[in-house]
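**Q** Now for the letters of each chain:
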Amino acid sequence: MTCEEALKLLYDVIDKEASEYDVKRVKEHLNNCKDCMSRYQFEEMFKIFVVDKASSQSKSRQLKSSILRTIETSERHPRRITGGPFRFGMVVAAAAVALVLCIVAAFSVAKFYRHRVDIYPFEKSHMNGVVSNINPALSPVTDLVTARNFLANDMHYNFNSDISGLCLIGVEMEEVLGHQFVHLHYFDGTDQISLFIGHAEGVDLPDFEKRVISGVEYFKHVCRECQVIYWLENGTISIAVTENKNVDLTPLIPIDDYI
Amino acid sequence: MSSRQSEELKNKERFEKEALVHIDSLFRTALRMTKNEGDADDLVQETFLKAWRFWDKFQEGSNCRAWLFKIMTNIFINNYRAKAWTPQTIDLEDVDDDFLFGQLSALGPSDDPEKHFFNKIFDDDVKKAIEELPEDFRLVVVLSFLEGFSYQEIADIVKLNIGTVKSRLHRGRKLLQKLLWEYAVKNGFVKEAAK
Ligand SMILES: [Zn+2]
Ligand SMILES: [Zn+2]
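As you go down the protein sequences, you meet chains X and G in turn. Position 177 of the first sequence, counted from 1, bears residue number 203 in my numbering, the numbering being contiguous throughout. Position 153 of the second sequence, counted from 1, bears residue number 188 in my numbering, the numbering being contiguous throughout.
Since the hints were derived computationally from the structure, they do not count as laboratory data. You may find that some hints are simply not true.
With a cut-off of at most 25 Å between alpha-carbon atoms, the simulated DSS-like pairs for lysine-lysine come out as follows [what the hints assert, rightly or not]:
1. G:K163 / G:K226
2. X:K79 / G:K155
3. X:K73 / G:K213
4. G:K226 / X:K73
5. G:K92 / X:K271
6. X:K79 / G:K150
7. X:K90 / G:K47
8. X:K73 / X:K34
9. G:K209 / X:K34
10. X:K79 / G:K226
11. X:K271 / G:K70
12. G:K201 / X:K79
13. X:K90 / G:K85
14. G:K209 / X:K42
15. X:K73 / G:K70
16. X:K79 / G:K209
17. G:K70 / X:K90
18. G:K213 / X:K79
19. G:K150 / X:K60
20. G:K163 / X:K73
21. X:K79 / G:K163
22. G:K221 / G:K150
23. X:K60 / X:K73
24. X:K79 / G:K70
25. G:K213 / G:K201
26. G:K201 / X:K53
27. G:K70 / G:K209
28. G:K162 / X:K90
29. G:K213 / X:K42
30. G:K162 / X:K79
31. X:K42 / G:K162
32. X:K79 / G:K221
33. G:K226 / G:K155
Given only the sequences and the hints, what does the whole structure look like? Please build it.
**A** Given below as structure tokens:
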């Protein structure tokens, strides 16, 4: 092993991320190379120094009791699961289109007003974990086959690949803004993500920040409480909503390769 | 007591035993990230509230601490991070990897300059230097150094790939060394080596 190789592994070894094999080779080198040895010792010492100095802290004493009091009085996330948690194993989407997320421009008052009016049903229904606007006349989609058939045959979406890390926790029909959508509830371990798919005719949403990827127009809005993106394709509209502004919603984009 | 109530009670006990025990560790990181106790309190509180809301989704046996950090990181990024998204431009290209090591070695071997350097700097100064790191670097440095998460765990928590985590950690380390060196020079603990 050369000095260069030994130094390339420096932080991996110190952070205990290097393989046993590499550690062994590095050790052999260090036994024969004073320069590298002193560099390793220094970096190790530096890490111990930082950990030691920065780990002491003043604890917040009341914090625990105040948290306990808060959860005492707060409901857990209401379950909106129609079929119980299950792994979907199929998909709504496709090749993850790499969308470079530019961060949202400030909204004018007028646009903000439109935003409140048009997107309000989504924000209200999803940001609080309370789903409203369900059309009682529509029977909820209760099983995967129904959902799949509905989405594949009626909506022409492709379910052949998987959205990794997302767990589908509910599928149902919903009426939002006077239009019918199939609503997929996803959970990524931390956040809930909603995907609505419906016919585009008559759905009038504000023009958010627009970008075009592979000929499809996407509209994206990010504000303090939410991230909303929607796109139109082949007469259908898809709207993805999440509380987490950092989640890349574009993998939810359906591909036009129909089943 | 109804069976529903007793189930809720069990849930709460389990939450206390598995999640709330990590409160100090979360608070420590929250403090380094928000830089003040009030916000750190709020951030930790919000984190546990959200964790409680989703407690039935947490899979028993998986890493609860990493899960809590993931929730906290999300809340921090969404609600606490400075609203200005202007990327912090820090030019580290001209800083060598062995910057601090080189500076200290240049002081000469006579009186063990490294020990001298490390002994003079106070706890609070190290904390302050960490807080001076740009948020992206600070987050991975804190998660790695102070919380001891592996590269992979950090990648999951901050939703980045492992290569980005490593490069941020590398740059964070370099910058931290540079800040501490400047601090030591400013306070006369060491004399800057001739350029
Ligand atoms: Zn060497
Ligand atoms: Zn919004």
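**Q** For every hint, state whether the structure bears it out.
**A** Now for the hints, and whether the structure bears them out:
1. With a C-alpha separation of about 21 Å, the suggested pair G:K163 and G:K226 falls inside the 25 Å cut-off, and the hint holds.
2. A C-alpha spacing of about 11 Å is found between X:K79 and G:K155, which places the hinted pair at or below 25 Å, so the restraint holds.
3. For a cut-off of 25 Å, the pair hint linking X:K73 to G:K213 stands: about 14 Å separates their Cα positions.
4. At roughly 23 Å between alpha-carbon atoms, G:K226 and X:K73 fall within 25 Å of each other, so this suggested pair holds.
5. With a C-alpha separation of about 21 Å, the suggested pairing of G:K92 with X:K271 holds against the 25 Å cut-off.
6. The straight-line distance between the Cα atoms of X:K79 and G:K150 is roughly 14 Å, inside the 25 Å bound, and the hint therefore holds.
7. For the hint pairing X:K90 with G:K47, the CA-to-CA distance comes to about 13 Å; that is within 25 Å, so the pair holds.
8. A distance of roughly 17 Å separates the Cα atoms of X:K73 and X:K34; the hinted pair therefore holds under the 25 Å criterion.
9. The hinted pair formed by G:K209 and X:K34 meets the criterion: a straight-line CA distance of about 15 Å does not exceed 25 Å.
10. In summary, the hint linking X:K79 to G:K226 is supported, as the alpha carbons are separated by about 23 Å, within the 25 Å threshold.
11. For the hint linking X:K271 to G:K70, the alpha-carbon distance of about 23 Å falls within 25 Å, and the restraint holds.
12. With a C-alpha separation of about 23 Å, the suggested pairing of G:K201 with X:K79 holds against the 25 Å cut-off.
13. Using a Cα cut-off of 25 Å, the hinted pair X:K90 and G:K85 holds, with the two alpha carbons roughly 15 Å apart.
14. Distance check on the hinted pair: G:K209 and X:K42 sit about 18 Å apart at the alpha-carbon level, within 25 Å; holds.
15. A distance of roughly 21 Å separates the Cα atoms of X:K73 and G:K70; the hinted pair therefore holds under the 25 Å criterion.
16. A distance of roughly 17 Å separates the Cα atoms of X:K79 and G:K209; the hinted pair therefore holds under the 25 Å criterion.
17. Annotation: proposed proximity of G:K70 to X:K90 holds, straight-line Cα distance about 20 Å (limit 25 Å).
18. For the proposed pair G:K213 and X:K79, the alpha carbon gap of about 17 Å is at most 25 Å, so the pair holds.
19. Pair hint G:K150 plus X:K60 holds up; C-alpha atoms about 18 Å apart against a cutoff of 25 Å.
20. Restraint check: the Cα-Cα separation between G:K163 and X:K73 comes to about 16 Å, which is no more than 25 Å; the hinted pair holds.
21. The hinted pair formed by X:K79 and G:K163 meets the criterion: a straight-line CA distance of about 11 Å does not exceed 25 Å.
22. Distance hint between G:K221 and G:K150 is fulfilled; the C-alpha atoms sit about 18 Å from each other, no more than 25 Å.
23. With a CA separation close to 20 Å, the supplied pair X:K60 and X:K73 stays within the 25 Å bound.
24. At most 25 Å may separate the alpha-carbon atoms for a hinted pair to count; X:K79 and G:K70 meet this at roughly 16 Å.
25. Distance check on the hinted pair: G:K213 and G:K201 sit about 18 Å apart at the alpha-carbon level, within 25 Å; holds.
26. Proposed proximity of G:K201 and X:K53 is supported: the alpha carbons are some 22 Å apart, at most 25 Å.
27. Restraint check for G:K70 and G:K209: the C-alpha separation of about 21 Å stays at or below 25 Å, so the hint holds.
28. Among the hinted pairs, G:K162 with X:K90 is consistent with the structure: their alpha-carbon atoms are about 24 Å apart, no more than 25 Å.
29. Restraint check for G:K213 and X:K42: satisfied, since their Cα atoms lie roughly 23 Å apart, inside the 25 Å limit.
30. Between G:K162 and X:K79, the direct Cα distance comes to roughly 8 Å. Compliance with the 25 Å bound is thereby established for this hinted pair.
31. Of the pairs offered as hints, the one joining X:K42 and G:K162 holds, with about 23 Å between alpha carbons and a cut-off of 25 Å not exceeded.
32. Of the supplied pair hints, the one linking X:K79 and G:K221 holds, its CA atoms being roughly 19 Å apart against a limit of 25 Å.
33. Of the pairs offered as hints, the one joining G:K226 and G:K155 holds, with about 13 Å between alpha carbons and a cut-off of 25 Å not exceeded.
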